[in-house]
Amino acid sequence: MTNKIDAANQETDLLSIPEELFTFEKSSGDAEGLTNKPISFWQDSMRRLFKNYVAVIALTIIAILTLTSIIAPMLSNYSLTGRVDEDYYKFAQLPARVPVLENLGIFDGTLVKEYTEASLAEVGYAPDEYKVVGTFSRNRIEYLRVKEYTYKYLDIEDRYFIFGTDILSRDIWTRVWYGTSISLLIGFYAAIIDVLIGVIYGGVAGYFGGTKIDDVMMRILEVLYGIPSIVILFVLFMFLQPGIVPIAIAIALTGWIGVARMIRAQFLKLRDQEFVLAARTLGASDVRIIVKHLIPNVVAQIIVMASFSIPSAIFYEAFLAFIGIGLDLSKPSLGVLINDAISSTQGAMTYVYQLVIPSLVLSILMLSINLLGNGLRDALDPRMRNN
Amino acid sequence: MARYIGKRVLQMALTLFLIMTVLFILLKVTPGSPFTNPRISAETRAILEAKYGLDKPILVQYVIYLGKLAQFDFGESIIIIKNFPVTKMIFEPLAITIRLGLIALALGTSIGIFLGALAALNRNKFWDHFNTIIAVIGVSVPSFVIATILLLLRKEFPIVPIIFNKADPAKGISLLSEIHSMTLPILSLTFGVVATISRYMRTELVEVYNSDYILLARAKGLNKRQVFTKHALRNALIPIITVMGPMLVALITGSTVVERFFGVPGLALLTIKSINVKDTFVTLGAELLYSAMFVVTMLFVDIAYGIVDPRIRLIGGSKND
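Protein sequence lines, in the order shown, are assigned to chains A and B.
Residue numbering for the first sequence is 203 to 589, as defined by the numbering used here.
Residue numbering for the second sequence is -18 to 302, as defined by the numbering used here.
Hint data in this document are derived by calculation from the structure and do not stem from the laboratory.
One or more hints might be untrue.
Distance condition first, Cα-Cα at most 25 Å in a straight line; then the derived DMTMM-like pairs of lysine to aspartate or glutamate [what the hints assert, rightly or not]:
id, chain 1, residue 1, chain 2, residue 2
1, A, Lys239, A, Asp287
2, B, Lys(-12), A, Asp580
3, B, Lys136, A, Glu359
4, B, Lys136, A, Glu319
5, B, Lys259, B, Asp54
6, B, Lys106, A, Asp580
7, B, Lys69, B, Glu137
8, A, Lys239, A, Glu222
9, A, Lys333, B, Glu137
10, A, Lys494, A, Asp530
11, B, Lys(-12), A, Asp357
12, A, Lys292, A, Glu221
13, B, Lys9, B, Glu24
14, B, Lys254, B, Asp36
15, A, Lys471, B, Asp283
16, A, Lys471, A, Glu316
17, A, Lys253, A, Glu227
18, B, Lys136, A, Asp310
19, B, Lys254, A, Asp530
20, B, Lys136, A, Asp530
21, A, Lys315, B, Glu137
22, B, Lys259, A, Asp530
23, A, Lys349, B, Glu137
24, A, Lys354, A, Glu319
25, B, Lys49, B, Asp36
26, B, Lys63, B, Glu137
27, A, Lys253, B, Glu159
28, B, Lys(-12), A, Asp416
Every beta carbon over 12 Å from chain B, so not counted as near; a handful from chain A, in silico [unchecked claim]:
id, residue
29, Ser218
30, Trp244
31, Asp246
32, Met248
33, Tyr291
34, Phe309
35, Ala320
36, Val334
37, Arg340
38, Glu344
39, Arg421
40, Glu424
Bear in mind that the values here come from a model prediction, so they are computed numbers and not experimental data.
Ideal placement from N, C-alpha and C gives every residue a C-beta, glycine not left out.
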């Protein structure tokens, strides 16, 4: 009741304002039209993606890793396979040392080694070249945990190896970034190949869904799906020469089936919609309908699929390298480096950085691409989001 | 239902036959023979190849192999253990691999269900975020990195054995001590299972809790615990049961890394070894076994779908749509 009275009062107040206080504003054109600039599907998706801070961080990390993997080996003073110094025995297995960080106690060029009292005396450290950090006993023998200032001990305090050197005195920094670029390349190639095969196969099957063509194609797919991918990979590697592209092809050959199934399902749904009927009525050919009308409608899903296929290809490659088939040491991917580090360090804690660094880079890379993939999926296809 | 299963079994047999044929041809066409060795002279090699029938045309060899297969004979090993039947040779590694896979599956599923339920019941709280982190790490960190971390931890805290201890009643080594010696391999495999299962469990449970029958149960006056155990948990477990099949196959075929890393003499290790020495029949037998396990499990999973959840119709090829 009181509200009504208030409203009435306001109205009279408004009317009581003298007319000269008002100015006439020209109304801006069509009142029915859109006032804001329309945004396209892609602009909208990108806006959604960039609002997702996890995806933005992931994208940034991927960008940094990719750029570093391209630039770092170029700027490095050391080559991929060359020794860092003539005196290779001395320069083998040096710990990581980074100029500024060393003052903070990390990457400071120290190794923790284990000695007994007697063996420590035998090494003959100068007093400022080591520090005893702890003791422990194993099989009733007392051991000392000794922090060795390796660079000082070897008299090479003017040298810095950011990630250290490996057992053959090669620079790990150069190798890790080179490996990252190889891993990324394999991931991209594999994703491109499996999306390409998957879209063509799934597209044709889906467009002719329900006909004999589709039936035969799906039967073939089911048979192929029944073969474990490890079997396909084993067999392919007996044939292919190790190299980036053959590996990418081998991995893609096990990965395209998922893409083909997804595309077929989408096409089955889309091809009965009105816009396809309209195109057909206007006389568009099958190829034109597939390329111009159907594929643009599944691009979002294709991108999402591809973004998940990159990390799985990188993972597969690392897995293959680990079991000893795949790339050789002349083109080391991260997986090859990890495998190499495992066999050369023999699980020794002292040199574990050689193993940890490539593993960490690989894990961060996989994590970022997966998170970006999640973000892309949420942004491009909100229906696929699961809570 | 019976018609569907019959169709699937036929398809399965066709798949296996095709795989066998393709593998056989590929393995025969690849350059090199088991006797490619600088120490074996050309004459000796010819004699050896004739002895094992490797000098015959591929088609003849194929027919001979088919005949043997029909009697469940996978041929004989030539290199790894001379003249030893592959069927016997594969059996023991397979048992080890399956044991490893089953234990990891059981352990991982239990932990995964527990964590997933915890996450779903505490949405957007600590356990939920914890679950998300585990899931993301599970898909991002390769199993050999996890295996390495475990190995390093083991170095610091030597509480479990590290060398594989094969169960052998003759030597007084029990099955339990074999499993004990597989602790690290089992744990490395378990991690991935936990990541997947907990994610599924959380999604399903959240969906179930949003459904009308849970609201009805609450309206009828059941307390939260009853709703959870009697209604929510049961329904959320359905999809978990169906992912367990493919998961077991993935564990069995994917244990390659773990087997190599910890030196567990399973099927994968045998396969790699046989490929390296070109012991064709061992490779063929092992890969066929892999494929057979894969196909059979897939069939069981599809049938299980229909049994646990009658809403899913099997007849009419709904799988393709």
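Going down the list of hints, with the structure as the test:
For the suggested pair Lys239 (chain A) and Asp287 (chain A), the alpha carbons sit about 62 Å apart, so the restraint of at most 25 Å is broken. Taking the CA atoms of Lys(-12) (chain B) and Asp580 (chain A), the gap is near 39 Å; set against the 25 Å cutoff, the hint is violated. Proximity of Lys136 (chain B) to Glu359 (chain A) is assessed by CA-CA distance (about 31 Å); at most 25 Å being required, the pair is judged violated. This hinted pair checks out: Lys136 (chain B) and Glu319 (chain A) have alpha carbons roughly 22 Å apart, not beyond 25 Å.
Using a Cα cut-off of 25 Å, the hinted pair Lys259 (chain B) and Asp54 (chain B) holds, with the two alpha carbons roughly 19 Å apart. Among the hinted pairs, Lys106 (chain B) with Asp580 (chain A) is consistent with the structure: their alpha-carbon atoms are about 22 Å apart, no more than 25 Å. The hinted pair formed by Lys69 (chain B) and Glu137 (chain B) fails the criterion: a straight-line CA distance of about 39 Å is larger than 25 Å. Distance check on the hinted pair: Lys239 (chain A) and Glu222 (chain A) sit about 35 Å apart at the alpha-carbon level, beyond 25 Å; violated.
Distance check on the hinted pair: Lys333 (chain A) and Glu137 (chain B) sit about 20 Å apart at the alpha-carbon level, within 25 Å; holds. Between Lys494 (chain A) and Asp530 (chain A) the alpha-carbon distance is near 43 Å, which puts this suggested pair outside the 25 Å criterion. Of the supplied pair hints, the one linking Lys(-12) (chain B) and Asp357 (chain A) is violated, its CA atoms being roughly 75 Å apart against a limit of 25 Å. At most 25 Å may separate the alpha-carbon atoms for a hinted pair to count; Lys292 (chain A) and Glu221 (chain A) exceed this at roughly 94 Å.
The straight-line distance between the Cα atoms of Lys9 (chain B) and Glu24 (chain B) is roughly 21 Å, inside the 25 Å bound, and the hint therefore holds. Our distance criterion of 25 Å between C-alpha atoms is met by Lys254 (chain B) and Asp36 (chain B), whose separation comes to about 23 Å. Between the alpha carbons of Lys471 (chain A) and Asp283 (chain B) the distance comes to roughly 23 Å, so the proposed pair stays at or under 25 Å and holds. About 66 Å separates the Cα atoms of Lys471 (chain A) and Glu316 (chain A), which puts this hinted pair outside 25 Å; it is violated.
Taking the CA atoms of Lys253 (chain A) and Glu227 (chain A), the gap is near 37 Å; set against the 25 Å cutoff, the hint is violated. The hinted pair formed by Lys136 (chain B) and Asp310 (chain A) meets the criterion: a straight-line CA distance of about 24 Å does not exceed 25 Å. Proximity of Lys254 (chain B) to Asp530 (chain A) is assessed by CA-CA distance (about 18 Å); at most 25 Å being required, the pair is judged to hold. Note on Lys136 (chain B) and Asp530 (chain A): the hinted pairing is violated, with a Cα-Cα distance of about 30 Å set against a maximum of 25 Å.
Under the criterion of a C-alpha separation no larger than 25 Å, the hint pairing Lys315 (chain A) with Glu137 (chain B) is consistent with the structure, at around 14 Å. Between Lys259 (chain B) and Asp530 (chain A) the alpha-carbon distance is near 20 Å, which keeps this suggested pair within the 25 Å criterion. About 17 Å separates the Cα atoms of Lys349 (chain A) and Glu137 (chain B), which keeps this hinted pair within 25 Å; it holds. Of the pairs offered as hints, the one joining Lys354 (chain A) and Glu319 (chain A) holds, with about 21 Å between alpha carbons and a cut-off of 25 Å not exceeded.
Simply put, Lys49 (chain B) and Asp36 (chain B) have alpha-carbon atoms about 18 Å apart, close enough for the 25 Å limit, and the pair holds. This hinted pair does not check out: Lys63 (chain B) and Glu137 (chain B) have alpha carbons roughly 42 Å apart, beyond 25 Å. At roughly 52 Å between alpha-carbon atoms, Lys253 (chain A) and Glu159 (chain B) are farther apart than 25 Å, so this suggested pair is violated. About 18 Å separates the Cα atoms of Lys(-12) (chain B) and Asp416 (chain A), which keeps this hinted pair within 25 Å; it holds.
Remark: the non-interface label on Ser218 (chain A) is consistent with the geometry, its nearest Cβ contact in chain B lying 53 Å away (cut-off 12 Å). Listed as a non-interface residue, Trp244 (chain A) keeps its Cβ farther than 12 Å from every Cβ of chain B; the least gap is roughly 27 Å. The beta carbon of Asp246 (chain A) is kept farther than 12 Å from every beta carbon of chain B, the shortest such distance being approximately 26 Å. Listed as outside the interface, Met248 (chain A) is consistent with that label: its C-beta sits roughly 23 Å from the nearest C-beta of chain B, beyond the 12 Å cut-off.
Even its closest Cβ contact with chain B, about 27 Å, leaves Tyr291 (chain A) beyond 12 Å, as expected for a residue assigned away from the interface. With a minimum CB-CB distance of about 19 Å to chain B, Phe309 (chain A) clears the 12 Å threshold, and the non-interface call stands. The beta carbon of Ala320 (chain A) is kept farther than 12 Å from every beta carbon of chain B, the shortest such distance being approximately 23 Å. With a least beta-carbon separation of about 18 Å from chain B, Val334 (chain A) lies farther than 12 Å from that chain, consistent with its non-interface assignment.
Residue placement check: Arg340 (chain A) does not keep its beta carbon more than 12 Å from all beta carbons of chain B (closest about 9 Å). With a least CB separation of 17 Å from chain B, Glu344 (chain A) remains clear of the 12 Å interface cut-off, as annotated. Chain B draws Arg421 (chain A) into its interface by the beta-carbon criterion, the shortest separation being 8 Å against a cut-off of 12 Å. With 12 Å as the threshold on Cβ separation, the claim that Glu424 (chain A) sits away from chain B is violated: the shortest Cβ distance comes to roughly 7 Å.
Comparing the model with each numbered hint stated earlier shows that hints 1, 2, 3, 7, 8, 10, 11, 12, 16, 17, 20, 26, 27, 37, 39, 40 do not hold.
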